[in-house]
Amino acid sequence: MEPATRLDNNHELSLHDFPYIIRWRDDRCKRCGRCTAVCPMFAIEPAVMVQRVLRSEGSLPEPKAVRRVVTIIKQSTDIGKYCTGCATCSLVCPNDAIEPEYNPRHKFIFHKNKGGHPYRRGGRRNSPGLSTLDRLRFTRISMLTDPALDAGRHEFRIRTYLGRILPAEELPVKVVGGRLEVDRKSGKFIPPVREIYPVMIGSMSIGALSPNMWEGLAMGVTYLNEVEGMPVVMCSGEGGMPRRLLKSRFIKYFIPQIASGYFGWDEIVRAIPDMIEDPCAIEIKYGQGAKPGDGGLLMAHKVLKLIAEIRGVPMGVDLPSPPTHQTKYSIEEAVAKMIQSMYMAWGFRVPVYPKISGSRTAKAVLNNLVRNPYAAALSIDGDDGGTGAAYNVSMDSMGHPIASNLRECYLDLVAQGKQNELPLIAAGGAGKRGNLAANAAALFMLGASAVSIGKYIMQAAAGCFGDEYNRCNVCNLGRCPRGITTQDPRLYRRLDPDVVAERVVEVFKSLDVELRKIFAPMGRSTELPIGMSDGISADDPAIAERLKISYVC
Amino acid sequence: MCRLVAITSDEYFSPVENILALETMKEGHDGSGMGLILKGLGGEFEELKDYPILSGICSKEGINKLDSYMDKIGFRLKYAWTPKTRHVKGIEARDYYFARVYDYPDVYRDRSQEDKEALLLKTRITLRKLGQDDESIIVFSFYPDIITLKEVGDPLQLGTFFGLDKSPLRAKIIFAQGRQNTNYAINLYACHPFFIQGYGTMTNGENTAFIPIREFLSSRGFPGYIGYNSDSEVFCHILHYICRRLGYPLFYYKDVITPLNDAEINMRPDSEAVRFLKMSLRPLCIDGPNCVIGFTPDGTCFMVQDAKKLRPGVVGGVAGKYGLMSEECGLDSAIPERDKSKDIFPMKYDMVIVRPGAGEVEVWNQLHG
Ligand code: SF4
Ligand code: SF4
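Protein chains in written order, with the working numbering: chain A, 1 to 553; chain B, 1 to 369.
If you are wondering where the hints come from, they were derived from the structure by calculation, not from laboratory data.
For every residue, glycine included, the Cβ atom is placed at its ideal position computed from N, Cα and C.
Take the hints with a grain of salt, since some may be wrong.
What the hints assert, rightly or not - Pulled a few chain A residues facing chain B out of the computed Cβ check, cut under 10 Å: (1) Leu54; (2) Pro63; (3) Leu130; (4) Val173; (5) Glu527.
What the hints assert, rightly or not - Straight line, CA to CA, 27 Å or less: simulated DSSO-like cross-link-like pairs of lysine-lysine: (6) B:Lys78 <-> A:Lys418; (7) A:Lys174 <-> B:Lys116; (8) B:Lys129 <-> A:Lys548; (9) B:Lys78 <-> B:Lys26; (10) A:Lys517 <-> B:Lys348.
To be verified - According to the in silico footprint, chain A covers these stretches of chain B (three or more CB under 8 Å from chain A): (11) 39-46; (12) 201-215; (13) 258-265; (14) 271-284; (15) 346-359.
The following block holds chain B by itself, in its conformation from the complex (with noise of 0.2 Å):
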């Protein structure tokens, strides 16, 4: 099973934290990838907060194509950073990794936030489709303060590869997942963590909804809702339906995903509403034992599961570090200071929420609302 380590702190840390934690957990992913999204970040990238970032990987015919597009609609590019790889044995070097910040096109430089990301949505999905068939082109998000970076090999040996050990690189929210290869053909687009317009997420586990919640997704006319290279990115793509296309709070996730049987409904204060999601959004409910850690645009970061989610995720820190795992091996190498005894391990009704600048855990209960 894939394993996930998010961290969030009110201080800028480096992905190295992640791997380490990954590494400890080592026996339950088999090095067939690993998927890293920062948010919140620091150094050279802190003054460029309010541009967007494209990260991916590109060919050398690939950056050709991708730089005439972005010309063609009008981005500027202002700042290109690209990780110092390093040889590292077994893993197979692309051309060119990336993260590039870019300026909007003039026409849109007045236009409302959400043009802007509309825009921002369609230029990613237009340049995956220009690199699909020959994988000249793969980006992975282009959304301002966000970089992510995906490769196929073992957690530890990719940060050496990405030399993020000697880089300055920091992030307040950083996701990593360690990938277990399932189901599917090894695909970068199949690693997590997913990203779609300032919410992304990871999950373990095995998504047996899979299917239906596709086909919810894929048929709600929003372009974003492609891919499932991966039955995961269903989760990352509910998150953002359910908080920003329909505009509910994000507790409300929990109630879609693992809805409550009639009688909880009727405990809540807000059941009516809860009773109506439940049938409305009844397609949407994940019904696998899946544990979703994630995170929204502002910087909320959280944990669900599924009840039939065998063994839990765990939820732990220190006032202004706090980190969401599968394992609680990775929380020990990640914040060993903190008080064990507090840990949360979120049960059937729970959703765990960090909010931004990491001060304290939230429980938020299901039955009570």
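Here chain A stands alone, though its shape is the one from the complex (with noise of 0.2 Å):
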């Protein structure tokens, strides 16, 4: 009998406690060490344990009790080690010999903020239910006059536009002998716009991606537009981009978002004389849909060498930004201010629009921005939306869906007649389960002019094992086992960009095939049915209402 305090475990966590657990198969270990030396979090280690077996080795049955020593991989309780079921190790294992369970009674977050620091994580809101768009059908199917039609055969035009539009009666121009003629003696101001593809890679920054996977999407979304004749674009998120890229004649492609810490913008300032070619827009960034009131965060374990250089800070150290933008007073006042501050700096050739995370607010943004000229669009993220690094509590609880947030943004718009003036992009949650497509369509149906993803595309592109059960999601602690979000060269190499490159040219074109066939039968196919609000349909009488599309059940 051992004495009873040797049996106290009190104030320590049990296996039970924890979100994952895993399941080592003793009798298929070969005991390479693969996992212990793969996982991100030292959730594993390997040990030793005495075991008691009963042996019998003669002619007869003799059994006796001995004891031995064998080594076993055993599963951390400390809660910094907790198992967060990335399942790297049974990726690397060469036996199948190791996997981690989901354990749905786990009291994690209970006990997640040691030393009175919450938990801290990447990823997304951790809700695995149904999102409201994917309650969301395609119910309007042209049987009856005119028969639905041939994804595969007719033209399909799946583009949108990016930048102000001016009104028909706004136009300058007029007729001469019989035509419209560009009248350009008016002096009248233009609004730069761009015709791109309706679906974009949203602001992830290099610095929270890897170099490897930022090159990677950088070079996916150059070929779509190169090669395949897709005018996909992407934004830069925060903190600069690669000088070589600024200056090339790429740059077209990309978004350069200018947030609330500024990094990133000296250099990107110092390259304008060089730029060959304008960027395909400016993104201003107010708000992210994973973390509302939340400036960007890079923490000190990621801003090494590369990313020190492009965002001109020095190494190793934390890299917040502040919730708002510190040098303007209100928010009218800053997207006044900014926009017309972005616009001047490309002589007023590129769009400029800002970012703001889904709020009940939103509305009142947008009527700031329906009476000034120059902005270009208004990027709207919801709460689904993704993150590399933030609070859970600000993931889990803070924001607003992005369905009903972009449905009453656009039937504001409609209600001042001004819903093709300013595009609204919608963000945050499409392609949460894997419907990208559906999500998308239904996006488009509810008011969206373009549709932004992330997540999505770092699940697809390089295999990002995040998912709602908040598996993996330690993008913010530079350890990311697939190599998307650290700065790590030994992790990060793990990572091919031209694989990642290929992964992302394959996704927009099943994406755009998977367009059709949900444009087709609706008879859809030379402009982008937005609002085309009859089209679709809830599964709920409530979300229809509020949506104000119908219900089928």
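Starting from the two chains in their separate frames, assemble the complex, guided by the hints.
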């Protein structure tokens, strides 16, 4: 009998408090040590254990109890070394001897605040249920007076505009000799407008992303434009862009973002005189759906040489961006002034638009923009958006879902007759469960002119492990096991930028086919069905009522 | 799918010609209604070309309401025409069908054409609203030199019902539609052709982009852009918006409802302007398999369609008389003497135009501008 004190493991957590429990199979394990070497959390470690076994060696059964020392794989119960369920261990195991299993009754967030530091992570809202977007169906199928289209044969134009569009009444055109001519003498400011693919890659910074990941995305986007003729564009995220890209002709496929930390803008501004092409647009970040009210956050362990150079900061320091643009007094002023200064930087040739987090106040921002003739669009990022680093509470509890926020803003524009003048870009949760085409098409029909994706492309193009069961999500720690969100060369060299680029191209090409498979039966092929709200229905009456669409069951 | 028969001629003819042409297309309409618009009126209306004609249907109470309202505004009745209706089995006669010619209120006598037309529109809308709930007043048009007749039933029977075979009613341009009821409950306001301030259209095919187009038109701040009991009414309002509100030449209607792609726009001499139009009027792209036949205030008739229209409409005829129709059999009935080999089936880029007097057919090609 051992003394009672030895049995008192109070103040320790049991494995059942953890979100993932490692299932390790002694009989399969050959003790190669790959899993423990690769685990980003040091959640598993080699250990020894004394086993009592019964043995019988002679010709007659003569069982004898023997004790032997065996090596095993042991899961840590230290909350700092929790298993994230990433399954990198399973990935590298040659014998399928190890895998994490989700534990739905875990008590992880009760404990993940050691030292008074709230839980911080990457990823997105841990809400595995169906999102509103997944509850919408395309119900208006052309059947009666004309047959549906053939997705494979018709000419489809899946394009949209990014930029402020003048109402027809204000176009500087006049009739000369029976034809319309642009009136050069009118002196009217004609805002720059880009024709782009309606699904774009949203802002993910170099810094948040590894150089290999960013390069892979950038190469994929460039290939789509140059070879496939698909004008897909990508936003840089805060923190600048490689100088080589700024000065290349490919910059036209990119949207540099300026955020409250202004990181990287020294470099960008210095590069302007040497730029041979204008960027696609400029995004001013005011908010992010995943963490409303928080600025960007790049932790010190991700600020290595390359990042420090691009951002113009010393290495190894935390880089928090303030929640708001500190130099400006109010958002109205900020929006107006920043938009104008960004326009001036490129001689009024580049559309400039703000991005805000989904919010019940989005309509107020929208109406400010409506009155500002320079505002090129409004990007609204819903609460299912992702982030490289944020407080768990911000991610899980803050923010506004995109569907109703977008719909409200669109209908507000309709009421003012401005629905075609200020494009709305919807982000935050498109493709959350993999149904990107369906989610994007639903967002168009609710009123979005374009849709922006982040987590989806990380998962589809680079195999990001993250999900809504809090799998992995250590993007903030610089220990990304896939090499997507880390600045550690030992980790990011796992990721082949060429493979990422190839996947980006595959993803967009298949997305294009799927969008046709949605639009064709609905009889649409020429213009993006923006605001075609009679095309969709919800399977829930309350959602239908809120979105002002029909209900089906 | 609805059947469409438009005839334009340099001589007056009877709407019976349109109805007989519709009859040849019988398998395509289901007798759920017929609409007729007559423009360039002859007979007793020839002398009254400057005065607005109110076309509609009233109940007994409705006509009193209508009279007192018109009185209040100051419109003076100059002439009233009513069809000599006959009993036809299956057609439920309403109390009072009319085309009434009015003289403008005194205060409007010297006002501009624009003001007068605004008054006519406002009056029509008010009358529509006055009689909407109890269907006591239904008004289709209020405009000089335009008569509109609409009723539920089979076109041939309706012709007999209205006594058109015996009537001296004649015009130089007549649009007729035999309706196939699809999405919406039978409502006379849903029956083509539609008309607004001198512009008229009728359409067949499904309007897939109806909601965004309706939202766009309704939010233009123009009082006439209401109704939309049929998704096809928007085609008429787009025409009005493009030609009248924006003042663009007619063929830009085609550019707006079926926009070219970027590479195609580059081939146009007016590419810069066309590109602006495509962006600024993006919500008016009809993006559906529609054939639109329309007329403008000067009496120009046209036909355009979306490339998705699998069975195109047809335009054909002889100098002095052309038909624009959804089916060729209608043309055979209306203008049998024409050279069939010259019939035109407008393709993806074509806008077929017949000017007043119906001298010849022009085909405007969108690619060349
Ligand atoms: S699943 Fe990931 S975190 Fe968990 S033990 Fe395996 S490698 Fe480590
Ligand atoms: S794989 Fe990398 S990017 Fe994906 S959740 Fe894990 S740490 Fe984040």
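Verification of the hints:
1. At a threshold of 10 Å, the smallest CB-CB gap from Leu54 of chain A to chain B is about 76 Å, leaving the interface hint violated.
2. Using the Cβ-Cβ criterion of 10 Å, the hint placing Pro63 of chain A at the interface with chain B is not satisfied: the shortest such distance is roughly 80 Å.
3. For Leu130 of chain A, the interface hint is violated, since its Cβ never comes within 10 Å of a Cβ in chain B; the closest pair sits about 25 Å apart.
4. With its C-beta approaching chain B no nearer than about 5 Å, Val173 of chain A sits inside the 10 Å limit, and its interface hint holds.
5. With a least beta-carbon distance of about 4 Å to chain B, the hint placing Glu527 of chain A at the interface is held under the 10 Å criterion.
6. Note on Lys78 of chain B and Lys418 of chain A: the hinted pairing is violated, with a Cα-Cα distance of about 44 Å set against a maximum of 27 Å.
7. A C-alpha spacing of about 26 Å is found between Lys174 of chain A and Lys116 of chain B, which places the hinted pair at or below 27 Å, so the restraint holds.
8. Our distance criterion of 27 Å between C-alpha atoms is met by Lys129 of chain B and Lys548 of chain A, whose separation comes to about 26 Å.
9. Our distance criterion of 27 Å between C-alpha atoms is broken by Lys78 of chain B and Lys26 of chain B, whose separation comes to about 38 Å.
10. At roughly 23 Å between alpha-carbon atoms, Lys517 of chain A and Lys348 of chain B fall within 27 Å of each other, so this suggested pair holds.
11. A stretch counts as covered by a chain when three or more of its residues have a beta carbon under 8 Å from one of that chain; for the stretch 39-46 of chain B and chain A the count is 0, and the coverage is violated.
12. Here's how the stretch 201-215 of chain B fares: 9 of its residues keep a CB closer than 8 Å to some CB of chain A, so the rule of at least three is met and the hint holds.
13. Look at the stretch 258-265 of chain B against chain A: 4 of its residues bring a Cβ nearer than 8 Å to a Cβ of that chain, three or more, so the hint holds.
14. By the rule of at least three residues with a Cβ nearer than 8 Å to a Cβ of chain A, the coverage given for the stretch 271-284 of chain B holds, with 10 such residues.
15. Here's how the stretch 346-359 of chain B fares: 0 of its residues keep a CB closer than 8 Å to some CB of chain A, so the rule of at least three is not met and the hint is violated.
This entry does not satisfy hints 1, 2, 3, 6, 9, 11, 15, going by the numbered hints stated previously.
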